[in-house]
Amino acid sequence: MDTSPAAVFTLSGANESWTMKYIVFAFTAQGYFLTLFLNVTLIAVIGLEKELHQPMYIFLCNLCVNGLYGTLGFYPKFMSDLLSDSHVVSYNGCLLQSFIIFSYALCELTNLTVMAVDRYVAICKPLHYHSTVTRVRAGKMLVFVWMLPCCSVVLSILITTKMSFCGGTVQHNTLYCKLTISTCREQLLKFVFNGISTSFYLSMALFVVYSYGKIFFACRKSRQNQSKFVQTCVPHLITYLHYIFVVLCDSFSIRLSGTDLPQWFQNFMSVAFLVTPPVLNPLIYGMNLTPIRTKIRKMLQIRQENCVFSDSSKE
370 MDTSPAAVFT
380 LSGANESWTM
390 KYIVFAFTAQ
400 GYFLTLFLNV
410 TLIAVIGLEK
420 ELHQPMYIFL
430 CNLCVNGLYG
440 TLGFYPKFMS
450 DLLSDSHVVS
460 YNGCLLQSFI
470 IFSYALCELT
480 NLTVMAVDRY
490 VAICKPLHYH
500 STVTRVRAGK
510 MLVFVWMLPC
520 CSVVLSILIT
530 TKMSFCGGTV
540 QHNTLYCKLT
550 ISTCREQLLK
560 FVFNGISTSF
570 YLSMALFVVY
580 SYGKIFFACR
590 KSRQNQSKFV
600 QTCVPHLITY
610 LHYIFVVLCD
620 SFSIRLSGTD
630 LPQWFQNFMS
640 VAFLVTPPVL
650 NPLIYGMNLT
660 PIRTKIRKML
670 QIRQENCVFS
680 DSSKE
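Residue 370 is where the sequence shown starts when you use our numbering, and the numbers rise one by one after that.
None of these hints come from the bench; they were simulated from the model.
Here the structure is a predicted model, which means the values were calculated and not measured.
Where hints are given, some of them may not hold.
[Unchecked claim] Straight line, CA to CA, 20 Å or less: simulated DMTMM-like cross-link-like pairs of lysine to aspartate or glutamate:
| id | residue 1 | residue 2 |
| --- | --- | --- |
| 1 | K390 | D454 |
| 2 | K667 | E418 |
| 3 | K597 | E420 |
| 4 | K664 | E420 |
| 5 | K667 | E420 |
| 6 | K664 | E418 |
| 7 | K446 | D619 |
Please construct the entire structure, taking both the sequences and the accompanying hints into account.
Below you can see the structure in the form of C-alpha cells.
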C-alpha cells in the first residue's frame, strides 16, 4: 500500500445499531468525565501542596498525567466514531493515534517500575532514601519514563512506515488504530525490534518481582516497614498487577478476533488497558494515601466554609 496520507484505515469495531451507539456514547462520556475529574483532582492536589512535592507523589502525579495523555488518544476519536456512519482514519491519523496509545502503554509500565524502585529504596534502605532518591534524580527518572517509551514507539513507527501494506483500505476490527497488524511482508526487522523491546520490558517486570522479594523480606523484620508496605506498596502492587492483566487482555483480544465471542467483549478486552487504569489508579493508589486524602478533605472543608461565609454575607 502506498504510505501517503491518502491511505485510509477503517475501524470496524464500533459497527452497532444507532440505539446501541447512543447508549455506549452516554456511558463513554461519563467514563471520560470521571477519568478527567479524578486525575485532574489528584494532579492539582499534588501540585498545589508543597508537602507532597516528594518523589513518591511526583511519580504518582506523572502516572495521572500519563493516564490523561493515553485517554486523549482514544476517547475523542472513539466518541466521534460513535456519532458517525464512517469509522475511518487517515494514514497520518493512524500513525498519531498509534504513537499516543502505545507510548502511553509503555510509559505506564515504565512509571510503575520506577515507582517500585522508589518503594524498594524507601523500605529496604530507609537511611539512604533522601540521599539516593533526590529531586534531581527523580527528575532524571521522569525523563527516562517518557523518553524510553516515546523513542521506542517512534522507532517502531519508522520501521512500520518503511514496510508495504496489503491493499488501499485496511479493516481493523478494533476501536482504535493498530497500525502494526496491517503489514504483510518485510517483517524480520520489525520482529527483531519488537523482540528487543519485549525483552527489555520483561527485564523491568523481573526487576519489580526482585524488588518486592526484597521488600517482603525486609518487612518480616520490622513493624514500621510492614506499615509502609500496607500504605504504599499494596496499592502499587494492585495497580501494577491490574495493568499487566489488562495489557494481557489486549494481547489475547487479537487472537480472539474471528471467534464466536461477542464483539462487545472483544472490544472491551482490547481497550481495557486504556479505560480502566486511568480511573482506578487515582482511586486505588492516590486516594488510599493518607496525606492525599487529608489534603483533599481540607480543601473541601475550606471551600465549604467559604461558601457558608459567602451566603451569610449576602444575608
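Here is what the structure says about each hint:
Note on K390 and D454: the hinted pairing holds, with a Cα-Cα distance of about 11 Å set against a maximum of 20 Å. The straight-line distance between the Cα atoms of K667 and E418 is roughly 11 Å, inside the 20 Å bound, and the hint therefore holds. About 18 Å separates the Cα atoms of K597 and E420, which keeps this hinted pair within 20 Å; it holds. Between K664 and E420 the alpha-carbon distance is near 10 Å, which keeps this suggested pair within the 20 Å criterion.
Annotation: proposed proximity of K667 to E420 holds, straight-line Cα distance about 14 Å (limit 20 Å). A C-alpha spacing of about 8 Å is found between K664 and E418, which places the hinted pair at or below 20 Å, so the restraint holds. A hinted pair counts as satisfied when its Cα atoms are at most 20 Å apart, and K446 with D619 qualifies at roughly 19 Å.
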